Amino acid sequence: MAADPDDALVAAARDGDRAALDALLRRHHDRVHALCRRLAGNEADALDATQEALIAIVRGLPRFDGRSRFSTWVHRVATNACLDELRRRSRRPAPGLPEERDPEGAGPLPDPRSAAATEAVVDRLQIDAALARLAPEFRAAVVLRDLCELDYAEIAEVLDLPPGTVRSRIARGRAQLARLLDPGNHNPRRRRPTTTSPEPPAPDTAP
Amino acid sequence: MTDAPLPPDAADELASAYLDGEADAAERARVEADPDLQARVEVLARVRAAVQRPVLVDPARREAALTAALDAATRPGGVLAGGRERTVVALAPGRWSAPSPRWRYLAVAAAVAVAALAVPLLSQLGDSDDEADTASVALDDQAETFGSAGGEALDATEREEAAPAADDAAGGAASSPAFAAGELGAFDDLDGLAGAARERVDASTAPTTTTGATGAEGVTSTTLAGPCAGQLDLPAGTDVLLDATATLEGEPVVVVVHRAPGADPQLVVARLDGCLRVVDQPL
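Note that the protein sequences, when read in sequence, are chains L and P. Sequential numbering from 103 applies to the first sequence in my numbering. Sequential numbering from 202 applies to the second sequence in my numbering.
Isolated chain P, as found in the complex (with noise of 0.2 Å):
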């Protein structure tokens, strides 16, 4: 039995439904039944990639428009009226159980960032175990600051720190394969990501590539493993082809690459701070 023709605006309901997983079984069935909503899915999704083209903040405004804020809450019956300020303090471990992927990453990136530092000043420091251990705590210690205070805990300044450092040992790292292969680069338009990511995945699934854990060497996993791990959903059942970091238009964001059976690269961009999506469209 065939459903009978929709209305036009029930069709688009029903197609703008699908698109956004807000259909029912039902719904879905019909949908995947009906070449011309299938159609009309595919033209909504363009629709909605329009929508997501990346907004760009001018960094003096955002710092401006905060600032005013601030001293908005300091007037009387703001929040800060009474004057009072603290440090932002350590949450409660019951909140805050683990820090979000994304710290984790850049906790591991700040880490091997000081590892690539010291190695080469304990060369120079000769063979005292002493000076040696000493720097070895440093090192662990450094690792432990980020890693149990988790991202959140960081207050704004930190975070800024802790952004440049993991910078610095993705791009400098270039004898760690997992920051290597997660750092694309620093683009000026989409169209260059694009392009790198496409070779990026093009190199990684040729057959002598090696497997890994994050996608960016070419594995099919099916989750993020990345910075946006949990916070960008993406469609049942596809494979993970690139889980990276760049730069695009001077702004850090994520860059994945995944593919449904059957269909082709999907590219996804989403902003690090927040995995804010700003781009879905085919790769």
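In isolation and in its complexed conformation, chain L is listed as follows (with noise of 0.2 Å):
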């Protein structure tokens, strides 16, 4: 099996160096605020987030034991933390509009004249809404998979969770995102429109 490629800079974090702490944290910054970015659905909350996620890896450190892959264990630390977050938040009202330094809704303002560059803050804003609406322990699953690209396994490990109740939660969370960012969006197994009644499907209101 191939070396991890963060396990000399754990080594070496855990040794006292600074700059391989530095260098560790810097590769691992970036997916960190994906993933807080996304649970948390608002920029605020997800840099509040980020920054426990980091501080928790940093004072975790030296109690990894290396049984499993670094980066596996940076993922479980930090969905924790940023759950960890949310809760601490939860009576925050929930997210709407960006927020004045959100570099993912403000950015640079979008060309009125540009249909696309409109339509894609509106996506971001609406990914952002429908994942908010997922139970916790769907949206994290789901982000984990879809964002930072984990296998069922290794989602299973972050989440302390049987692979099997990984794949149903998986699922599950984007078959209401589906529902959530397409109402008109059903499985066509919950509809069987009969050849005399073409009456529209009902609302799905499952949760």
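Honestly, the hints are just simulated from the structure, not real lab data. Just so we're clear, the structure is a prediction, and the values are computed from it rather than from any experiment.
Now the stretches of chain P that chain L is said to cover, found in silico as 3 or more residues with beta-carbon under 8 Å:
1. 217-231
2. 254-264
3. 268-275
4. 468-477
A few chain L residues that face chain P, going by a derived Cβ cut-off under 7 Å, partial list only:
5. Ala115
6. Leu123
7. His131
8. Ala136
9. Arg139
10. Thr152
11. Val160
12. Ile229
13. Asp248
14. Leu249
15. Tyr254
16. Ser270
17. Ala280
Counterexamples of contact, computed for chain L against chain P with all Cβ distances above 12 Å:
18. Ser170
19. Thr174
20. Arg178
21. Asn182
22. Leu185
23. Arg189
24. Arg190
25. Arg191
26. Ala237
27. Glu239
28. Glu259
From the three backbone atoms N, C-alpha and C, an ideal C-beta is built for every residue, glycine too.
Both chains come to you apart, so use the hints to assemble them.
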């Protein structure tokens, strides 16, 4: 098996090498931020959660036992830190419009003549809003799979779940996102229109 | 014999697992034989593409987060509490036998940049063999430095310095078909990048194009050769039509266009740093 490219940096960082720790954190920062961004649904919470996650990684580094890949461990620590941060902030209003310094939502203002640019921003807001409506356990499974590209076994390790539960949560999370992003979209097996009564499908109210 | 219809949740679970390559052989066969399930896979694939949309990072926020984390490490009990500071040491050959493809790519790009600068300089220096030899050695040393150290052994500063060198090489070496083909340019939005990728694929797949090694010139390679080689999984049997670098919303990215037999081209965009896939959609 190929050596984990993080191993040498982890060893050096644990030995007190500041440059190695900096390099290690830099390697993983953007992925942690992306994970927190999709879990949090807004940039302000994502920044705080990312900060907490990085600090948790630094503090937990002496206890990293190497039984899993470092990146898997990072995802585990970061996911827990992000979800903890979100629980602490659960009384805040639900995410809506982008915040002032949100590089996702604000960014360069789209050219109003550019439908594509506007659509891109709207898409980002839509996916954040849709993800925010998922239960955290479904949201985490979907984000770890689709954004972080972990396989089911790794996600099971990160979330401390059986692989079968991971598979189910990803599927249910995606199905719910499909309904939220495109309300007219239903699993064809959920509707069986008859040839004599072509009624429109009823709204899906599954959780 | 046909299978009994699945309950909706079971159908979603089967389609989802199929999409992720986590279905077993019997499940794959069932999905491939059922148009409803295939349609469901397509719906879930669109959901996946939406979740994969790029997440942008404010560089100033990134630095602030890293600084705060390093500060936390210096507090009592932290890994840096002893106050020792060293540079990142060279990595043991056994664990770091070869630089990653991404860094090999950057190393070659940097060497081309140095060469592009060295040629006019040497012509100004005239025909002095001694001076030319010196420049040549320097060039070799530069290539050796990048090639032997490997990207993972570079510290953060070196990485930041290497990346612009590669960009310069890609942007400035118009006479180098490999890098001219590999650099799509900078784009403010995904549509612009997709359009450039489409043009490049259309141009390179014209009957008069030549073949090369990377796919950037209309090659029907089945593997990636660029910075994310070995780090981006593509479906088995797919043809790589484009494997290039670009900048999307200020972020360096790798742009891959691939096509499975009988299917339409698919656009994949991944961050250059870490090869995290941020876009996976039809071109």
